[in-house]
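Asks: The lines below spell out each chain.
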Amino acid sequence: MKIHEFQAKELLRGYGIPVPCGKAASTPDEAREAAEELRGKTVVKAQIHAGGRGKGGGVKPAASPEEAFHAARAILGMQLVTHQTGPEGKQVRKVLVEEASVVRKELYLSLVVDRSRGKECVVFMASAAGGMDIEQVASTAPEKIVRCTIHPVVGMSPFQARKLSAALGLDSEQRKVFAEIVRNLYRLFLEKDCSLVEINPLAITEDGRLLALDTKINFDDDGLYRHPEVKALRDPDEEDPLEVAAKNASVNYIKLDGNVGCMVNGAGLAMTTMDLIQMAGGEPANFLDVGGGASAEQIEKAFRILTSDPNVKCILVNIFGGILRCDRVSAGLIQAAKNIDLKLPMVVRLQGTNVEEGRQMLQESGLRFTVADGLYEAAEKAVSLVA
Amino acid sequence: MAILLDEKSRVLIQGITGSEGSFHTRESVKLGTRVVAGVTPGKGGTELDGIPVYDRIGEAVEREQANVSGIYTPAAFTPDAIFEAIEAGIGLIVCMTEGIPVAEMIRVKQALKGSGTRMIGPNCPGITTPGVGKVGFMPNFIHKKGNVGVISRSGTLTYEMIWQLTSLGIGQSTSIGIGGDPIVGSGFIDVLALYENDPQTEAIVMIGEIGGTAEEEAAEFIRGSVTKPVVSFIAGRTAPPGRRMGHAGAIISGGRGTAGEKFLALERAGVLVEKNPAEIGRRVQEILQAK
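Taken in sequence, the protein lines are chains Z and F. Residue numbering for the first sequence follows our numbering, beginning at 30 and increasing consecutively. Residue numbering for the second sequence follows our numbering, beginning at 994 and increasing consecutively.
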């Protein structure tokens, strides 16, 4: 799960990590009020779940509350396009108004889980080359990024903070503050079940202070059940409405750009079905895992979600019946197709338990199903229907 | 011989009285699995179809000599269930539970180190040795006893692959789903090493997917330590970056973990990479016929 910058900064503040004073605003008037409270120069920053906002025109300096008002008016409501939003961009509904800082140097600091074999621990990454181009640094000069793994049982040790601060070239006063920052970040990461905590830039200001100027925090979805306070930070406006509907129906759905809609049981088989559609010369419209024990109701919900995407021109159903019997799936398909008055052509590929009964039910239903046997054959048939 | 689950296995089921646990216990008994006990705290003294239920694993080990544990407990209680199994000296844990936080799996990995317990999963379909039985969800009808070892990160896709083999008359020594989470008890390498040393296994089918570097690490291992032929497929070539594709571990992040990278690494290691998953069975058939 992702959260906004202003929410992430609140969390950091709660863990004693220095962040600029600031306030979120939903209207230009609120932005002006926030700037008045802060006094002096401010920065108005678009709040969307994507990086690269500065380059996309979503961050503006403001010398006065009046300028903050105008900056917010320009940013709020815009479709902000960055390298992470896709070409359609994301609508800005909130801005963060915060005190402007004069930056002497931009550092990078992050925490992630190293899932590779034999490691399985949390790892710090730090670089003196922080700022907007850290992704480029990672690919062209990876030696400029220092890693520091934290043993899960031993925990964070002071020498590790010293190692990181040496790599960052900090002075003695900054080192003390930095040691506290990394200790608290590690605590935050564990206590809140984070999957990523990134401070970029971790600024050294003109007067030599360390300050988290921008931050990104992601959470492990599987840990959310024990953090209602984190769950409450979720912003459904940032998610695709179809994906929200799917989540509520316990269906795993991700919208893609193609026109062959697919409904599959199991995540691995769902990805494979997408791959097969592309191999057959088409493009998948979505990833959809209807779940292992899908009922007729579940299948109907899944159908409603995937046919709500106007790009979908044909549906490919690919089910491997195990515990979930094919005749049950067929009954669900027939019921769903009738209930939602399905007009789109559909290819159904069933395999597994009670497959013969399932196929027969489809053929006798009077509905327009194209039945396929093989995995690849099913994809080819579906693609030929949209060609 | 087969691997991990064999004639000596005496299975206990943690969470046997739950709806999932009881259903899959009965299915596995139908396949011939020797289920000797169940454990559900607070339900000790009851039974399921004549299988005695205990409060603690220690009792089940002492009275029934259980040495394999299948876990179906809810995610919030599962780390504790795993720690209890490790402490009781269970040799093999097979954990089907989905939704365990990564932070908990980091602790589990520490507990497993040096313990003598091996773990498959979590978030996995389990393990089946045709002729012996199964622990987990895999449908009973797909299997056939034979010489191909199957290992995979997914569920239904694994059934699909096993069924392809069986439909061509090709049997399996053992089939294992290692699970779709970012951190799992046993990875490809652990299981590949077992297949390599198993006299019954003549060829290996390895099914990977996007996310992490387990397939790349496996490729390195295969190059140096696996002499048996390996046929492989990676799911998720069309998956967009930054999105979790159903499985918690199936995510391309920071440009790493793509299917392309994995295919390439495996190809370089001499693995027979098949990009059309409908052809996996036939590739295996060709290999076995050429032997």
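There's no promise every hint is true.
[Stated by the list, open to error] Stretches of chain F that chain Z covers, calculated by requiring three or more beta carbons in the stretch to come under 8 Å of a beta carbon on chain Z:
1. 1072-1081
2. 1201-1210
3. 1233-1242
[As the list claims (entries may be wrong)] A short, non-exhaustive set of chain Z residues, derived as facing chain F with CB atoms under 7 Å:
4. D143
5. S145
6. R146
7. G147
8. C177
9. V182
10. S186
11. A196
12. D249
13. D251
14. G252
15. V273
16. A278
17. N294
18. G297
19. E386
For the record, the hints were derived by calculation from the structure and aren't laboratory data. Just so it is clear, CB atoms sit at the ideal spot from N, CA and C, and this is done for glycine as well.
Asks: Taking the hints in turn, state whether each one holds.
Replies: So, going through the hints one by one against the coordinates:
1. Counting residues of the stretch 1072-1081 of chain F whose CB lies closer than 8 Å to any CB of chain Z gives 0, so the stated coverage by that chain is violated, three being the minimum.
2. As drawn, the stretch 1201-1210 of chain F meets chain Z at 6 residues by the rule of a beta-carbon pair under 8 Å; at three or more, the given contact holds.
3. Using a Cβ-Cβ cut-off of 8 Å, 9 residues of the stretch 1233-1242 of chain F lie near chain Z, which meets the minimum of three, so the contact claim holds.
4. With a cut of 7 Å, the hint placing Z:D143 at the interface with chain F is violated, because the nearest CB-to-CB distance is about 10 Å.
5. For Z:S145, the shortest C-beta to C-beta distance to chain F is roughly 5 Å, which falls under 7 Å, so the interface hint holds.
6. Checking Z:R146 against chain F by beta carbon gives a least distance of about 5 Å; that is within 7 Å, so the hint holds.
7. Proximity of Z:G147 to chain F is violated relative to the hint, the smallest CB-CB distance being about 9 Å (cut-off 7 Å).
8. A distance limit of 7 Å between C-beta atoms decides the matter here; for Z:C177 the minimum to chain F is near 16 Å, and the interface restraint is violated.
9. For Z:V182, the interface hint holds, the least distance from its beta-carbon to any beta-carbon of chain F being 6 Å, beneath 7 Å.
10. The interface hint given for Z:S186 is broken, as the beta carbon of that residue sits about 17 Å from the closest beta carbon of chain F, more than 7 Å.
11. Contact between Z:A196 and chain F, as hinted, is not supported at the beta carbon level, the nearest pair being about 20 Å apart and thus beyond 7 Å.
12. The restraint placing Z:D249 at the interface with chain F holds, with a minimum CB-CB distance near 5 Å, inside the 7 Å limit.
13. Of the supplied interface hints, the one on Z:D251 holds, with its beta-carbon coming within about 5 Å of a beta-carbon of chain F, less than 7 Å.
14. Look at Z:G252: its Cβ gets to within about 4 Å of chain F, closer than 7 Å, so that hint holds up.
15. For Z:V273, the shortest C-beta to C-beta distance to chain F is roughly 15 Å, which exceeds 7 Å, and the interface hint is violated.
16. Checking Z:A278 against chain F: minimum C-beta separation of about 15 Å lies over 7 Å; hint violated.
17. The beta carbon of Z:N294 comes within 5 Å of a beta carbon in chain F, closer than 7 Å, and the hint placing it at the interface holds.
18. At about 2 Å, the closest approach between the beta carbon of Z:G297 and any beta carbon in chain F falls short of 7 Å, and the interface hint on this residue holds.
19. A distance limit of 7 Å between C-beta atoms decides the matter here; for Z:E386 the minimum to chain F is near 14 Å, and the interface restraint is violated.
Consistency with the previously given hints fails for numbers 1, 4, 7, 8, 10, 11, 15, 16 and 19, ordered from lowest to highest.
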